[in-house]
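Engineer: So the chains spell out like this:
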Amino acid sequence: MQPLVELCRITRSFPGVVALKDMSLALRSGSIHAIVGENGAGKSTLINVLSGVLPPDAGEIRVAGRPTAFADARAAHRHGIVAVHQEVDLFPDLTVAENIGHERGLPVRCLGWVDWSRLRRQTREALAAMGESWSPSLPAAALTPGRRQLVEIGAAVSQDAWVLILDEPTSSLSEAEAQLLFERLRRFRSRGSAILYVSHRLDEIFALADEVTVLRNGLRVWTGPVACTSPDQLIKQMVGQEIPAALSGDACGQGAVRLRCRALTAADGAFRDISLDVHGGEVFGLYGLVGAGRTEWAEAVFGLRGLAGGEIAIDGRPVTPAGAGAMIRRGVVYVPEDRLRHGLCRGLSVRANLVLASLRRLARTLWLPRAREVRQARQMVARLGVRLQSIEQPAGTLSGGNQQKVVLGRSLDCDPKVLLLDEPTRGVDVGAKAEIYGLVRQFAAEGRAVVFISSDLPEVLAQSNRVGVFREGRLVATFNPRRTSAAEVARSAIPAESGVQPLCDTDTAPRTERYLSRPALAAILRPALREGALLAVLIALFAFVEGRTGRFLQENELQDLSVSAALLGLVAIGTAPVILSGAIDISLGALMALSAGVAGRLWEQGHPSALAALVAVAVGGLGGMLNALLSLLGRVHPIVVTLGTLSLYRGLTLWWIEQDVQIPLSSRHQILGDVRGLPWITAAGIAVAVLTWLALNWTVVGRQVYAQGSNPSAGHRVGIHRSRVWLAAFTFQGLLVGLAGFLSLAHSGSLQPTSFDDQALQAIAAAVVGGVAITGGRGSVWGVVLGCLFLTTLTAAGVFLGVASYWQRTLVGGVIAVAVVTDVLWRRRGA
Amino acid sequence: MNRLAALMLRRIPWLVAALIVAVTVATVRAFRQPDYWLNVTEQYFAAGALALALTPIVLTGGIDLSVGSVTVFAAVVIGALSEQAHWPVGLAVAGGIAAGLLAGLFNSSLVVLGIMPLVATLATRELFRGLASTLVGEATRYRFPRTLHDFWEQPLAGVPLPLAVYGIAFLFVLTYLVVHHSWIGRMVYAIGDNEQAARFAGLPVRRVKLGLYAWCGLVGGLCGAALVVRHGAAKAEAEQSLDLIAIACVVLGGVRITGGAGSVPRTLLGILTIAVLLAGLTIVAPAWRDSLTGALLIAVAVANEAGNRWAQRRAAEAG
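Protein sequence lines, in the order shown, are assigned to chains A and B. The opening residue of the first sequence carries number 1 in our numbering; numbering runs sequentially from there. The opening residue of the second sequence carries number 1 in our numbering; numbering runs sequentially from there.
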């Protein structure tokens, strides 16, 4: 029978490394096909090619016998191929249902309205397929990673996926959850679908899979039915027969103990009860699977992670890690595993990077003589053999291996006693790898204690005097690489059913009940609590002023209040989509003045008010569009662009209306009227609020605004175009600003070129107080409305109580400061 | 893109400054007198000083929108101390500068707490100006004796240059030395390029930020004192656009708003450009002043960004 999907001689390379060589694989209907291999064997690339994320360099993919090329992951989805990755990069502020919706496409009704009920139903089906019954409207950040993965799998299973690719699906699941998953997968298989199951857990593979393929160094070394092999044989295939020559056994690290750890336990549970000694002159390898806790342990020793217990001693002296700088002074240096994000300042020169850790030492009081820097840098370059054109070239332009040498060189400067190297040869080509090994041995020979963390088994066996193995947060064994087989070391790293207990939740309730993390519960409640608190303060304010003066709650006053709130509200609500999508616009006031000015002149000259209104809205919309276009096309941050357009619009306003604009009451009185007590302007404000709420919550673009602000990189991954989102948001804001300008003009009857100067700030303040996160992704229109009401009432109350007007600014500033500080503190407490 | 165009893109702030100065000197008669240049320096002293103080902050990827408010706040404090508390003028001035420092420390504590500098200083901008209004109270301004103004006009060491020139020169040299030749400056660039990496390298990121914002507040205090001495009065509603002018100087000088790139001499060019442009336009075409400034700001920012990207791409290809 024809396989559902076939990979035919796929080759895929990256700069410096061939990830897949001539890979052929066939997935048959009604089978579970397991993939095993060491880290770096090519499993991730295989998944990415099959699921359409990466195109192959050579070879072809055949779907049901026909050669197919996938343009992207969505195209693969359409052919029924869905991958569920280990690390799910999602939109933390959106609900679970919506996260799945953005990935697979939000369901829409006619006219483009988002079909929430269908999305919820689909998600509930997905959850039910996994045996879960909680609400799909929980924010995604509220779920534990295991739960999130289950939901993703459920979504794939319940939709029309024929080929399901799973990458380490049980890494965050408890035993019971894993069994449930297997049952679902078997059901999926019996439907005739195929499953590609990538995992390190051999026990699971033997329980679940029909066939297994072993990858090693990008090649397929073995394929066959699970029944024809055994865990030992698989391990042997994964690891290979050739183990490179072990360290020539000299200087086997018999110096004194330089790093001693006893019973180290992480504050967040990433590792537990780690005790080890590293001698001077020794290279102590740390092997284990990704996520076993090695990086977390090293970061904790370096002072970047909290410890819940245990002791550390350097050269016999007890030490409490108090931060990176302090640990460096004590002689402990950590070279991070993510070189690009945590190791190198890519835009700075090589020289600047090399001296980064020795700035205070090289300086004479304040002054840093260039000559000293250059000397130090040149010494380091010579010592490590860094290949470059000049020490002034940006560090980001070096090759991976040389970049790593720069980071290593920097660490040497303080003459460290203990070196913690995390994956020092990751992303480094073969030649540079050999050089780095030489350097590592040299460091040890100088009497330092070197810890070499690596997920590459042959490497760690060849380069270490001793090898410690981390498994699920514990140090389970220490081996002498010369007297142990690679297979034995590999086996000890792989989690198994018997023996070691799972790390978390040994003393708390089983995971199945605890699907919500506590900080996440706080995240759900916070917006509701905040809006509730705001409402309460508002009511209290009303009561207070009414109590003091007895005249606050009269119809006139309330009407005036509502009009002021509506005028501010129009601008603030307009600002919401822009802030929510992660941008900001400080030219609001000037744009408002410009729109009102252009429209006002026309109105003053006798044109009908309707025309003036239209012109104001149009000018505003154009201004907003211009802001967006300049930011997007010029690739300049919106803050800078809107700083410029602030000046521009103000200047244009000055030019257009040289003198003040005056509109007689006769032209305005219609707009200033009311219907049954509700002023027209307030009615307009309410209408706009409802409209914006609809747009932000019921249209695809509106939801994309939230997604873009919540996680721009995830948005990029699922195909959300920032240009479309920003264009829509800024133009929308411009339209509302224009309307607000017109209505303000109608309300006050006159306009000066400097009117509305502080509108931008007031609007942003109202939004921030109302709960809109300045970084985007979080907030609602009703919160903004409450914020506007709050600020307007505060001002009105101030006037009523006879508080001098100069207190107003202090109050506004104070209110924003309090709102933002409490937000930060609250989030810190929760997390 | 050919090499000449590329070279020009890297030198945008220089070219723009040269162009503006040339055009202005050619078209505006007043600029042909050296006296007028001194006048311009005095007028834009505060903007220039603040732009210099802002440069290291922007280099770390932060921003301070409250500099104008701090200036006015300090000025008002000087007024309050001298008129209401009857302190001697010199001591009052010192008190005002100290008030600026305190304001800067408040800013830095908010930033170190984890609040985005944009939001934090947006809030403190209103806070400080409001406090200034409150201090001034019912009166709208304080008045200072004429002697203060004479002091400002006094030539220093016999050379007939206004104090403002010395002030800017001093601040420029100080900022230049610290940012480009001290270990603080190196840390600033590292934090702006990759704050995480700076932390992993053991740099005291928090303390650096604390110092930078506090320094900015101190300079704001100095500007407040200069304001008082020059005008003989302290008003809470003064200098509304000082913040934006200072930031415009920084941006025009090619400092990247996200941090990690830029230099102090370039900021000086930005100050020169803005000062000459605004002064010239005020005489020649006041109606076009704001429009042209805004358009120029955007054009220069876009060109700077394009130049940076091109340079990065070339460096990556060559490396």
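Read the hints as simulated data drawn from the structure, not as lab findings. Please note: incorrect hints may appear among the correct ones.
Stated by the list, open to error - Partner residues aside, some chain A positions facing chain B, computed with beta carbon under 7 Å:
id: 1; residue: Trp134
id: 2; residue: Leu138
id: 3; residue: Ala324
id: 4; residue: Pro336
id: 5; residue: Trp367
id: 6; residue: Ala371
id: 7; residue: Ser609
id: 8; residue: Ala610
id: 9; residue: Trp693
id: 10; residue: Gly813
id: 11; residue: Val820
Claimed, not checked - List of simulated lysine to aspartate or glutamate pairs, EDC-like, C-alpha gap at most 20 Å:
id: 12; chain 1: B; residue 1: Lys235; chain 2: A; residue 2: Asp277
id: 13; chain 1: A; residue 1: Lys417; chain 2: A; residue 2: Asp277
id: 14; chain 1: A; residue 1: Lys417; chain 2: A; residue 2: Glu392
id: 15; chain 1: A; residue 1: Lys433; chain 2: A; residue 2: Glu472
id: 16; chain 1: B; residue 1: Lys235; chain 2: A; residue 2: Asp757
id: 17; chain 1: A; residue 1: Lys236; chain 2: A; residue 2: Glu604
Please read all numbers here as calculations on a predicted model, not as lab measurements. The beta carbon of each residue, even a glycine, is placed where N, CA and C say it ideally should be.
Engineer: State for each hint whether it applies.
Structural biologist: We went through each hint and held it up to the structure:
This hint is violated: A/Trp134 has a C-beta 32 Å from the nearest C-beta of chain B, more than the 7 Å allowed. At a threshold of 7 Å, the smallest CB-CB gap from A/Leu138 to chain B is about 26 Å, leaving the interface hint violated. With a least beta-carbon distance of about 4 Å to chain B, the hint placing A/Ala324 at the interface is held under the 7 Å criterion. Of the supplied interface hints, the one on A/Pro336 holds, with its beta-carbon coming within about 5 Å of a beta-carbon of chain B, less than 7 Å.
Interface hint status for A/Trp367: upheld, as the beta-carbon distance to the closest one in chain B is roughly 6 Å, under 7 Å. The closest approach between the C-beta of A/Ala371 and any C-beta of chain B is roughly 11 Å, which is over the 7 Å cut-off, so the hint fails. Because the smallest distance between the Cβ of A/Ser609 and any Cβ of chain B comes to about 28 Å, over 7 Å, the interface hint for this residue is violated. A least Cβ separation of about 29 Å between A/Ala610 and chain B goes past the 7 Å threshold, and the interface hint is therefore violated.
Look at A/Trp693: its Cβ only gets to about 24 Å from chain B, farther than 7 Å, so that hint breaks. With a least beta-carbon distance of about 3 Å to chain B, the hint placing A/Gly813 at the interface is held under the 7 Å criterion. Taken as an interface hint, A/Val820 checks out: its beta carbon lies about 5 Å from the nearest beta carbon of chain B, inside 7 Å. Taking the CA atoms of B/Lys235 and A/Asp277, the gap is about 67 Å. The hint is violated against a cut of 20 Å.
With a C-alpha separation of about 13 Å, the suggested pairing of A/Lys417 with A/Asp277 holds against the 20 Å cut-off. Between A/Lys417 and A/Glu392 the CA atoms are separated by roughly 30 Å; this puts the pair beyond 20 Å, and the hint is violated. Distance check on the hinted pair: A/Lys433 and A/Glu472 sit about 28 Å apart at the alpha-carbon level, beyond 20 Å; violated. Only pairs whose Cα atoms come within 20 Å are accepted, and B/Lys235 paired with A/Asp757 is accepted, the gap being roughly 18 Å.
Note on A/Lys236 and A/Glu604: the hinted pairing is violated, with a Cα-Cα distance of about 88 Å set against a maximum of 20 Å.
This entry does not satisfy hints 1, 2, 6, 7, 8, 9, 12, 14, 15 and 17, going by the numbered hints stated previously.
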